[in-house]
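Listed in order, the protein sequences are those of chains A and B.
Okay, so the first sequence: first residue is 82 according to my numbering, each after it adds one.
Okay, so the second sequence: first residue is 20 according to my numbering, each after it adds one.
No lab work stands behind these hints, which were simulated from the structure alone.
Owing to the predicted nature of the structure, the values given are computational and were not obtained by experimental measurement.
Yeah, the Cβ is synthetic: ideal placement off N, Cα and C, and Gly gets one too.
Careful: at least some of the hints might be erroneous.
Said to hold, decoys possible - Below, computed lysine-lysine pairings styled on DSSO-like, alpha-carbon distance capped at 27 Å: (1) K134/A to K102/B; (2) K103/A to K156/A; (3) K156/A to K96/B.
Said to hold, decoys possible - Stretch by stretch, here's where chain B covers chain A in the computed footprint (C-beta under 8 Å, at least three residues): (4) 82 to 92; (5) 107 to 116.
Said to hold, decoys possible - Partial chain B-side listing against chain A, Cβ under 8 Å, derived: (6) R56; (7) F89; (8) W90; (9) E91; (10) E92; (11) S93; (12) L97; (13) D98; (14) V100; (15) L101; (16) M104; (17) K105.
This is what each chain is made of:
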Amino acid sequence: MVITRIFDAPRELVWKAWTDPKYVTQWWGPKGFTAPVCKMDFRVGGKFLWCMKAPDGEVVGWNGGEYFEIVEHEKIVYSMYFADAEGNKVDPAQYGIELEDTDDGRNVVTFEDFGHGQTKLTLIGNESMENAKDSGQLEGWNEILEKVAAVVVGLAKSE
Amino acid sequence: MIERLSHGPATVHGLTEPFALSQQMISKHIACLVRARIVIKAKRGRESVCTLRPEAIKTVSDWAFNYRRFWEESLDKLDVVLKEMKKEGARK
Chain A
82 MVITRIFDAP RELVWKAWTD PKYVTQWWGP KGFTAPVCKM DFRVGGKFLW CMKAPDGEVV
142 GWNGGEYFEI VEHEKIVYSM YFADAEGNKV DPAQYGIELE DTDDGRNVVT FEDFGHGQTK
202 LTLIGNESME NAKDSGQLEG WNEILEKVAA VVVGLAKSE
Chain B
20 MIERLSHGPA TVHGLTEPFA LSQQMISKHI ACLVRARIVI KAKRGRESVC TLRPEAIKTV
80 SDWAFNYRRF WEESLDKLDV VLKEMKKEGA RK
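Build the full structure now, drawing on both the sequences and the hints.
The structure is reproduced here in structure tokens:
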């Protein structure tokens, strides 16, 4: 899975927003969700941990991961997995998901200067997540989040 | 399982049948869903009945979440954060 996006901001700023927990906490998660806890030990071998909170206040889950490679303002290679509040990797089954252990699949995000003060961000997704999705194993996760996200839509409409 | 429950409550036994999993695995899954507060389990006589929590079934049928959409929405929010950061920077 590859996602790209052009941001109307210089590379250094996008990098900052991506690597400073103060900012990550503001954008991580789907529309309407917040990430109230965001711990990042941003260095090679360091780990991160953040949680996702739905608009109704329910903590939906925790994600953790490890940084494998960091090239300042250019590239980050990391793993991401389902976790508990302490940052321990958990069996996805605990989230009601039937998924093979994602085995620390690698995610890569790159930051490129796009000219005119713009930045191109490229996200290359977790391969094992992709495989899981193709084999239909991600459906459980999809369903849970579908329900949760539907609540989001419902709440957004009522505002 | 959630999909099955979205059609109405079911007994644990009723949930076991359609899936090629042991009773034990089904119970484990149900326990997870209960802990995640998506399902309520109540005893009715000798059986346990599972119901999807009301908050979990406010469904919008077409909305098919996927990993990609999760990121697209996060990046939408990042865009907003970046605009704010630029404003902050300009004020200095």
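Here's how the hints hold up against the structure:
1. K134/A to K102/B: holds (23 Å)
2. K103/A to K156/A: At roughly 20 Å apart (the allowed maximum being 27 Å), K156/A and K103/A satisfy the hint.
3. K156/A to K96/B: Since the Cα atoms of K156/A and K96/B sit roughly 21 Å apart, the hinted pair holds (cutoff 27 Å).
4. 82 to 92: holds (count 6)
5. 107 to 116: Coverage by chain B holds for the region 107 to 116 of chain A (6 residues, Cβ < 8 Å).
6. R56: Given a least distance of 7 Å, the restraint on R56/B holds.
7. F89: Constraint on F89/B satisfied, holds at 6 Å.
8. W90: Holds - the Cβ of W90/B comes within 8 Å of chain A, reaching about 5 Å at its closest.
9. E91: holds (7 Å)
10. E92: holds (4 Å)
11. S93: holds (6 Å)
12. L97: At about 4 Å, which falls below the 8 Å cut-off, the nearest Cβ of chain A leaves the hint on L97/B intact, so it holds.
13. D98: holds (6 Å)
14. V100: Holds, about 5 Å.
15. L101: Hint holds; L101/B Cβ to chain A Cβ min 4 Å, cut 8 Å.
16. M104: Result: holds, 6 Å to nearest chain A Cβ.
17. K105: OK, holds: K105/B within 8 Å of chain A, min 6 Å.
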